[in-house]
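Next come the chains, spelled out residue by residue.
There are 2 protein chains.
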Amino acid sequence: MLREIVEEIEKIVGKEGIAKNVEDYLYDETPKRVRPKAAEDVVVVKPKRSEEVSKILKLANEKKVPVVVRGGGTGLSGGAIPLSPGIVLSMERMNKLEIDTENLVAVCEAGVTLRQLLEEIDKIPGLSFPPHPGHEGAQIGGLVANNAGGARAVKYGIMRNYVLGMEVVLPSGEILNLGGKVIKNVTGYDLMHLLIGSEGTLAVITKVVLKLIPEPGGTYTLVVPFERTEDAIKTVPQILRSGIVPLAIEYMDVEAVKAGEAVTGKRWPYEGGEAHLMIIVEGRDEDELLKVSEDIEKLAKKNNAIDVFVGVSRKEQRDLLDIRSLIYEGMRDVTVDLLDVSVPIASIPEYVTKCKKFAEEVGIKVLHYGHAGDGNVHQHILEVDDWEEKYPKFKNYAFGLVKKLGGYITAEHGVGVVKKEDMYSTLPQKAVELMKEIKRIFDPNNILNPGKVVDV
Amino acid sequence: MLREIVEEIEKIVGKEGIAKNVEDYLYDETPKRVRPKAAEDVVVVKPKRSEEVSKILKLANEKKVPVVVRGGGTGLSGGAIPLSPGIVLSMERMNKLEIDTENLVAVCEAGVTLRQLLEEIDKIPGLSFPPHPGHEGAQIGGLVANNAGGARAVKYGIMRNYVLGMEVVLPSGEILNLGGKVIKNVTGYDLMHLLIGSEGTLAVITKVVLKLIPEPGGTYTLVVPFERTEDAIKTVPQILRSGIVPLAIEYMDVEAVKAGEAVTGKRWPYEGGEAHLMIIVEGRDEDELLKVSEDIEKLAKKNNAIDVFVGVSRKEQRDLLDIRSLIYEGMRDVTVDLLDVSVPIASIPEYVTKCKKFAEEVGIKVLHYGHAGDGNVHQHILEVDDWEEKYPKFKNYAFGLVKKLGGYITAEHGVGVVKKEDMYSTLPQKAVELMKEIKRIFDPNNILNPGKVVDV
Chain D
1 MLREIVEEIE KIVGKEGIAK NVEDYLYDET PKRVRPKAAE DVVVVKPKRS
51 EEVSKILKLA NEKKVPVVVR GGGTGLSGGA IPLSPGIVLS MERMNKLEID
101 TENLVAVCEA GVTLRQLLEE IDKIPGLSFP PHPGHEGAQI GGLVANNAGG
151 ARAVKYGIMR NYVLGMEVVL PSGEILNLGG KVIKNVTGYD LMHLLIGSEG
201 TLAVITKVVL KLIPEPGGTY TLVVPFERTE DAIKTVPQIL RSGIVPLAIE
251 YMDVEAVKAG EAVTGKRWPY EGGEAHLMII VEGRDEDELL KVSEDIEKLA
301 KKNNAIDVFV GVSRKEQRDL LDIRSLIYEG MRDVTVDLLD VSVPIASIPE
351 YVTKCKKFAE EVGIKVLHYG HAGDGNVHQH ILEVDDWEEK YPKFKNYAFG
401 LVKKLGGYIT AEHGVGVVKK EDMYSTLPQK AVELMKEIKR IFDPNNILNP
451 GKVVDV
Chain Z
1 MLREIVEEIE KIVGKEGIAK NVEDYLYDET PKRVRPKAAE DVVVVKPKRS
51 EEVSKILKLA NEKKVPVVVR GGGTGLSGGA IPLSPGIVLS MERMNKLEID
101 TENLVAVCEA GVTLRQLLEE IDKIPGLSFP PHPGHEGAQI GGLVANNAGG
151 ARAVKYGIMR NYVLGMEVVL PSGEILNLGG KVIKNVTGYD LMHLLIGSEG
201 TLAVITKVVL KLIPEPGGTY TLVVPFERTE DAIKTVPQIL RSGIVPLAIE
251 YMDVEAVKAG EAVTGKRWPY EGGEAHLMII VEGRDEDELL KVSEDIEKLA
301 KKNNAIDVFV GVSRKEQRDL LDIRSLIYEG MRDVTVDLLD VSVPIASIPE
351 YVTKCKKFAE EVGIKVLHYG HAGDGNVHQH ILEVDDWEEK YPKFKNYAFG
401 LVKKLGGYIT AEHGVGVVKK EDMYSTLPQK AVELMKEIKR IFDPNNILNP
451 GKVVDV
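Residue numbers (UniProt numbering), protein chains in the order written: chain D, 1 to 456; chain Z, 1 to 456.
Just so you know, the hints here were simulated from the structure itself, not pulled from any lab data.
Just so you know, not all the hints are guaranteed correct.
Which copy? The list can't say, so a pair holds if one copy fits it or any two copies do.
DSS-like cross-link-like pairs, simulated, lysine-lysine; straight-line CA separation at most 25 Å [what the hints assert, rightly or not]:
id, residue 1, residue 2
1, 430, 63
2, 58, 436
3, 96, 211
4, 55, 430
5, 403, 356
6, 404, 211
7, 420, 404
8, 430, 420
9, 211, 403
10, 354, 258
11, 64, 430
All values derive from a computational prediction rather than experimental measurement.
With the sequences and hints as input, model every part of the structure.
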């Protein structure tokens, strides 16, 4: 990095605002076999206030220096990896959090972590933030910039559904407030909803107003193993159509379950079967929870479920969720890539069945799991001989099938850098053109996350 | 209109695709004292298919002829009024509707009315579309283009929360599909969410995929009169903070109730008091409904409620809702304007109290009612002597206060033409600039709804 610009930045944020351990800020959780190499000649800046972000962006814009915004570094698409020398803007010190119980909102600086938010809300009886969009080390700014999803989307939706307002800094340094502590607002085009999911390429999110809702009821966690994948998958839309809205319906190949057991050291209630569903149901009281569980049991057994195990205690349920949540962690070393396609829920059986067949043909090992209740299928690609040759064939097939089924190549992980070319080739050309023109309006010098999602 | 272009259009849509009764297509429900005069030299075109819309827009774009898209004509901001000679594109004949029970979605052509959608869904046990964004004659395309809200937003959200996909036609004639029958999608910038609420100024919506959800429980409708406005209004956030999420919490000045009674010929359960709340609660069964009603009663009585009346039968509840829904209808002849500001829920008392005081000072008659549960206050301006002089003073005061409280000048009616200048003066200048540049990208010749919301 030019020494000159580092000196300028130091004047803005002080010595403590510049990180020395640059190597800790170069990568995110993107599987290492598909992630790009990070540029190492970067200055890592940790602003404390929006005004500092403003000054840094103004400077970078004038000097045309790339700026990569970094939240908790939990992304899986390489969105936080600097591709060229420049500035990494880490939001970790902007972590002020205010819960406004009068308006039922949380006002979070971008660097507030999901864990911090959940802990703070836990202290206030009656209020909750029910979606659980991923890793609790993720920061709110990043979750909004990526429009994160997660398992509870079936009932409680995704980040977009909770964002009421935001403060952003444009590449020009201008600070802009959009929305606020209001539930309805149709005053002009909704720039806020355009920025949600734009992955740090249009503006830097510095503050977010999140909607909170009354605390939901209690939960049971059901584990339902099946001998055959088809039977497990076809049960999912049947549950939804029966009028039950579970918090989450997760599908898992049995190998995925085993990986989760290995990394957590915890035990899943059933060893056998080919495919398992994990269903989290919610109810006001035990009667309602039992009734819903029984309804699901009947339905599952009609579809040849081997059995239905019900996790009741907080600990039992936490353990089951951990096994599910840490599958990626458990297989990280042998992972080539992790896909997160989105298809219509009724098309999940066709998608998974065809992908499994093709994977076998091409000789690649793929574990399937994911948020079956909202059409979001995760495909975990494991290392095999010649994966460099086989995997592109599989991905090409899978993404082609996704498009044919009316789906999209990324449901919640984002495009980042690893899916950019796939996005260009699967979206309508005109849509990509419009996105590029929008990028040009917000960021004419292409300083924000250059090389990611949309380039000018 | 140029005869030449009418002939071209007739070649596209046939004779039956051109309306003869032009005068029925010039205005919407905007109060006549504030609405602009419509241009009468327009051709009203009623396409049947997206391909026809495409050809018409292509032609209009080449000849630089203004196109105003028209849905059910139920708008309140003049969005459907043609301001200059050109084409009025009425979507009424594009009214095909398919309910996809496998994917739990409704695929609606733009001209499907809300009534048609609700009737069709009613035939399918277990499924519902719970938001009720306004007049049932409104068309889905218009509801999405305006991101309509309505009373049930407290629990069930607004149109934006239900749109999964759309087909739009750009001014160039290109047909673009965005989203689809998928719940999660983060593949690139969300153009769909940018188009929701853009009021027909960026593209013509021809098809919408709407999310359906399992049928909610039963409802009771509570009427709670108060002697003092302050007591009624302060009860609202207290209900929400108590953990109860009603379907709707409506606030009404008693004069508004009387207007609703007059137009419907139906009786409200209580005559007196200064201000009434109408609260619709939802529950799985009678026990739950009774419990919630009692909780609200206790809370209301602590705030000096005169009494609590509970509407239980379907008819009773329908009658109460009719009285509330037809207030505008009941006062149309004496209406100057109808405001629909959005403020943080905790600021409603301050907003209403100050506005009432200012209205008295300036000598203007304003009825207050609206969706108190989501911060959306309606202010019904009634005709008085010299309203032309007094009303601008009041509006100026009210919009200034809205801005000070962190709110917005329109929560659900849209900017259209009647609030355009107010939008320009209350939003940050940079936000308006970005909107204008976005308009330029989508509609470089400014043919779509020129003069409305955002002009290039």
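To see whether the hints hold, each was checked on the structure:
1. 430 with 63: between (32 Å within a copy, 22 Å between copies)
2. 58 with 436: Classified as both; 22 Å inside a copy, 22 Å across copies.
3. 96 with 211: within (17 Å within a copy, 36 Å between copies)
4. 55 with 430: between (35 Å within a copy, 17 Å between copies)
5. 403 with 356: Within one copy only: 17 Å inside a chain, 56 Å across chains, cut-off 25 Å.
6. 404 with 211: between (36 Å within a copy, 21 Å between copies)
7. 420 with 404: within (19 Å within a copy, 42 Å between copies)
8. 430 with 420: within (16 Å within a copy, 29 Å between copies)
9. 211 with 403: The answer is between: 20 Å across copies meets 25 Å, while 33 Å in one copy does not.
10. 354 with 258: Within one copy only: 23 Å inside, 63 Å across.
11. 64 with 430: between (28 Å within a copy, 21 Å between copies)
When each numbered hint is compared with the structure, no violation occurs for any of them.
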